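K.L.:
Going down the list, the protein sequences come from chains A and B. Under the numbering used here, the first sequence has 13 at position 13, and the numbering climbs by one with no breaks. Under the numbering used here, the second sequence has 71 at position 71, and the numbering climbs by one with no breaks.
Don't read these hints as lab results, they were simulated from the structure. Quick caveat, the model's predicted, so the values are computed rather than measured. Hints may contain errors.
Under the rule of at most 27 angstroms between Cα atoms (straight-line distance), these lysine-lysine pairs were calculated in the DSSO-like manner [as the list claims (entries may be wrong)]:
| id | chain 1 | residue 1 | chain 2 | residue 2 |
| --- | --- | --- | --- | --- |
| 1 | A | Lys21 | A | Lys98 |
| 2 | A | Lys21 | B | Lys112 |
| 3 | B | Lys43 | B | Lys117 |
| 4 | B | Lys113 | A | Lys21 |
| 5 | A | Lys186 | B | Lys113 |
| 6 | B | Lys102 | A | Lys112 |
| 7 | A | Lys112 | B | Lys5 |
| 8 | A | Lys21 | B | Lys102 |
| 9 | A | Lys102 | B | Lys112 |
| 10 | A | Lys102 | A | Lys43 |
| 11 | A | Lys82 | A | Lys102 |
| 12 | B | Lys102 | B | Lys21 |
| 13 | B | Lys43 | A | Lys82 |
| 14 | A | Lys117 | B | Lys117 |
| 15 | A | Lys40 | A | Lys5 |
| 16 | A | Lys139 | B | Lys21 |
| 17 | B | Lys98 | A | Lys40 |
Protein chains: 2
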Amino acid sequence: MEILKARIVSDGMEIGTEIVKVDSFLNHQLDIGLFLEIGKEIKRRFSDCAINKILTIEASGIAIAAITALYFDNVPVVFAKKTQPSTMTDEFYGAPIKSFTKGTVSVARVSKKYLHKDDRVLIIDDFLAHGEAAGGLCKLVEQAGGTVLGIAAVIEKEFQGGSQRLREAGYRVDSLAVIEKIENGKIHFKTE
Amino acid sequence: MEILKARIVSDGMEIGTEIVKVDSFLNHQLDIGLFLEIGKEIKRRFSDCAINKILTIEASGIAIAAITALYFDNVPVVFAKKTQPSTMTDEFYGAPIKSFTKGTVSVARVSKKYLHKDDRVLIIDDFLAHGEAAGGLCKLVEQAGGTVLGIAAVIEKEFQGGSQRLREAGYRVDSLAVIEKIENGKIHFKTE
Chain A
1 MEILKARIVS DGMEIGTEIV KVDSFLNHQL DIGLFLEIGK EIKRRFSDCA
51 INKILTIEAS GIAIAAITAL YFDNVPVVFA KKTQPSTMTD EFYGAPIKSF
101 TKGTVSVARV SKKYLHKDDR VLIIDDFLAH GEAAGGLCKL VEQAGGTVLG
151 IAAVIEKEFQ GGSQRLREAG YRVDSLAVIE KIENGKIHFK TE
Chain B
1 MEILKARIVS DGMEIGTEIV KVDSFLNHQL DIGLFLEIGK EIKRRFSDCA
51 INKILTIEAS GIAIAAITAL YFDNVPVVFA KKTQPSTMTD EFYGAPIKSF
101 TKGTVSVARV SKKYLHKDDR VLIIDDFLAH GEAAGGLCKL VEQAGGTVLG
151 IAAVIEKEFQ GGSQRLREAG YRVDSLAVIE KIENGKIHFK TE
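Let the sequences and hints guide you as you build the complete structure.
P.N.:
What follows is the structure in structure tokens.
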């Protein structure tokens, strides 16, 4: 997705060789005009799938998932929670998610009310790095007996191996901007 | 907003006299069709304001803010963070927010890059209860020298006093469904 890559180059900040900071438009301040383009492009790439639910994880995936849902006939969006809120009194599906940047493990939770065996789910997140969050969300869908039709990430850091691991596990993965490496302060994108 | 009130009655669950659980459509599973109606109604109520930024707080406010931004010419949305992410290396504005349900205090943070003195801000959140979150967000805007033009909540629990305190402090507050009390398992809305 060329306008996204151009935006990452113009407004993103690489920190060392591992992190791209895009909080000016993607995950702190949100450029809703760009999000509409992102949603449209995700729909284009998964237009062959009969998706009836979008699943994401708090917090940065939520706005992308909500705007993208507009292009999928307003299918429900469910976001997994990283902490157990006081009002979450129902039974839930849970999957551990390791954070490599923080060195912690959290549990992604979705109430059993909101994932079912007839769900055909598109998983959406802002970043795909080691694939921990997306892999955990797949587990939640499968605990409910549902089907993961695909995983869409806005930015993939291919060098961290998440997409390869997820594809080897049988999932369809499609990222709008794939970063091969960050070297000498320059972001190298994979050619589409 | 009648369709919202009807939805709260049909799908919400009151827990005791203090909590209304609306996670089937508002803050765990999200009904994007309803969110479009919510966004349209927030725009209607604040149509006289020259808003150039929407501010919310993670996680439940994000989708509402993102969809509402569509009705305000795609103004940027900024969401305050409740924890300091590893990539938040910039200076930030911070305000303490007390959670009455959890009995904790967290700090809402926004990078100084994303709030400015020429900002005319609409604050959006899912719930307005004691007014702690909204009040904290107002402080962030004011630390930056910006102006809070209004506070929009989807559901207000008037009996917890937040809206009154915020209005006494000079803010314009408008909530789409105002709950006066919860009694004997029945939700009583304020008449508009």
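K.L.:
Taking the numbered hints from earlier one at a time, note which ones the structure violates and give those numbers from smallest to largest.
P.N.:
Hints 8, 10, 13, 14 and 17 are the ones this structure does not satisfy, whereas the remaining hints hold.
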